[in-house]
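Undergrad: Spelled out from the first residue to the last, the chains are:
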Amino acid sequence: MESWRTAKGMFAAVATVPTLWLIGFFIVPLGIVWLYSFGTNASLTEIEISGTFSNYSRALDPLYLGILWKSILVAAATTVICIVVGFPVALAIVFSSNKWKPWLLLAIMLPFWTNLLIRTYALIAVLRREGYANQSLGWLHDNLGGLLPLVGLPAPGAYEPLELLYNNFAVIFGLVYVHLPFMVLPLYAALDRLDKSLIEASLDLGAGHFRTLLAIVAPLAAPGIISGVIITFVPALGAYLTPDLLGGPDSQMIANVIERQFKRANDWPFGAALSFILMYATFIAIAFQAMKSRQAEARQ
Amino acid sequence: MSTFRTSDKFARQLLRHNGIGRRSMLQGMGIAAVGISFGGLAACSGSETGTASTGEEATLNFYNWDTYIGETTLEDFEASSGIAVNMSLFATNDELFAKLRAGNPGFDVIVPSNDFVERMVQSDLLEPLDHSLIPNMANVDPTFIDVAYDQGRAYSMPYTWLALGIGYRKSKVSSPPDSWKVLFDSNEYANRIALLSEAGDVIRLGAKYLGHSVNEITPEIIAEVEAMMIRQKPFVRTFHEDNGQDLLLSGEVDLVLEYNGDIAQIMLEDDDIDFVIPSEGSQLNSDNLCIPKGAPHPLNAHMFINDLLDAEVGKKITETILYPTPNAAAKALMPPEYSNNPVIFPSADRMAVSEYASYNEALQPLYEEAFTRIRAA
Chain A
981 MESWRTAKGM FAAVATVPTL WLIGFFIVPL GIVWLYSFGT NASLTEIEIS GTFSNYSRAL
1041 DPLYLGILWK SILVAAATTV ICIVVGFPVA LAIVFSSNKW KPWLLLAIML PFWTNLLIRT
1101 YALIAVLRRE GYANQSLGWL HDNLGGLLPL VGLPAPGAYE PLELLYNNFA VIFGLVYVHL
1161 PFMVLPLYAA LDRLDKSLIE ASLDLGAGHF RTLLAIVAPL AAPGIISGVI ITFVPALGAY
1221 LTPDLLGGPD SQMIANVIER QFKRANDWPF GAALSFILMY ATFIAIAFQA MKSRQAEARQ
Chain B
45 MSTFRTSDKF ARQLLRHNGI GRRSMLQGMG IAAVGISFGG LAACSGSETG TASTGEEATL
105 NFYNWDTYIG ETTLEDFEAS SGIAVNMSLF ATNDELFAKL RAGNPGFDVI VPSNDFVERM
165 VQSDLLEPLD HSLIPNMANV DPTFIDVAYD QGRAYSMPYT WLALGIGYRK SKVSSPPDSW
225 KVLFDSNEYA NRIALLSEAG DVIRLGAKYL GHSVNEITPE IIAEVEAMMI RQKPFVRTFH
285 EDNGQDLLLS GEVDLVLEYN GDIAQIMLED DDIDFVIPSE GSQLNSDNLC IPKGAPHPLN
345 AHMFINDLLD AEVGKKITET ILYPTPNAAA KALMPPEYSN NPVIFPSADR MAVSEYASYN
405 EALQPLYEEA FTRIRAA
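Chains as they are written, first to last, in the working numbering: chain A, 981 to 1280; chain B, 45 to 421.
For reference, chain A alone in the conformation it holds in the complex (with noise of 0.2 Å):
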């Protein structure tokens, strides 16, 4: 194949619309909001861009950073709980036959054919007081409870249904949900490449299972890992319709709060510099990660 040095025409060809598309309808307008961010409200419907700083420093308010810092806890422990149940169905996919592959990466992507909030108030009606979870719950409250007597126990008093929406939990239980696939593709992507005789020498030299998970799988996975975890913890941290709709009062989460800048309080500056907290946010975790994985390869 040709280098692109050699064939400038067709590269330029080929890479000109991806160019202009990426400039006009996301730089610019990302570029817009940034502005907009050091400006004020002249009038209900202008922002004048004054150069000011008074948006950032009022997003640094406690209250904002409260908000920001609880939303990165709900995204952080969505993240966990999405690698310590993707890794597991990735290596399951990775290790069927090539028959079953197909069929179950189909049922991970599945979800992504159906609109999100489809799927959230599908939870609503899982996790309600008189939802399917409650339902099967109370049915099986009810009829192995009529057994204790049987066994000399006490029979049980009637069943008080769980209060498994509007909280915190609602909100993380959601985001796992929504979030599964975008760790789970990575990683079998990741662990599907991987040498299955390394694993077998790993085995053959006396290392146990999870052993060799830990000290084999997990670090040539790694790469699959860091992408699953990017991916899976920059939306979650944006996430705003999930604690909107399973939250309970103080579920709200840093997304909710930009959204309403820009909606109900019609504060676009405001809702602009925090937008960009947000992002300045993400962007340094992201070159703290790059730095840290620089180094590891420089001192291997």
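Everything labelled a hint here was simulated from the structure, so no lab data went into it.
Small disclaimer: the values here were computed from a predicted structure and weren't measured.
There is no bait here: all hints are sound.
Cβ-Cβ distance ranges computed for the label pairs, FRET-style:
#1 B:E313 <-> A:L1117: 18 to 28 Å
#2 B:T116 <-> A:V997: 40 to 50 Å
#3 A:L1086 <-> B:S97: 48 to 58 Å
#4 B:L312 <-> A:R1099: 23 to 33 Å
#5 A:G1004 <-> B:E122: 34 to 44 Å
#6 B:E363 <-> A:A1072: 49 to 59 Å
We put the beta carbon where it would ideally sit given N, CA and C, even for glycine.
Go by the hints and put chain B onto chain A.
TA: Below, chain B without anything else, positioned relative to chain A:
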């Protein structure tokens, strides 16, 4: 005035396992864009290029709430006038405002709520109405003509109105709630309450409970309401996205802050549900037909608004959406189950102590910030 009107209706159907119509399925999907709808040409004109009796192109771009029009209203209008109506949907006033603030992308008729009519007039986004082209204005109940938010109806025609109140499950309350106290300042129904997730509405009603007019709110009153709401928050199960009727119907909560029209709809399905406007009075809202500045077909728009205010047309719309109508002629054609329904048309004494909230540019950010603190507390 429903925040997630689309999802309301859709969710109700989904959660009840009724057959989901294709229409509502598509509408439900439409809502996904809720958070990030930045302008854009939502309304594209139809392919018909004929000329209407108004001398304009025979088409009209109508920007409406979801499930907020009669089943055949648009077809009937096209049959009688030859004007094809392209209806697109918005889910919140904020979405409507955000779309129009950078310039009208081509809408002819829009349906903002009362405070947004004020806000859009202040922002010079609305075209004054020519009353000579709207003879059916005579059908409107006179009490809806001289309203504070649009004196003499220079810019808007009333389409529906509604009132916030307490929807509750009769078998689960010790006595019918008659004060906002049960929602805002009491642990009697701990964890069985849902409030509306609208900063302005919650703070204004909190102020109403504390004895202030919704239009005389000061930063001190906001602070007082904020402190009360933070005390009350542990007893609140959730702040709902205007799907309070579903929470009530499914038994998730027993008392909910909601609009009368929404509760009236579910009362048809469940006898155990009732609605009250508390004795302190409440906040009224009204959705209005307006023509935005820069509308491509202003004469068609006047004709369409006039048509919607017709008695028969208004009756058909009301039969579908079941909201209180300000159209006296249409109301007269409705059966007594509707026009005598105390939920849809609350008693005169409760209406007398209720008010429309005017738009206050200075207070809006304070409401939002107080609400953010309440949610974060």
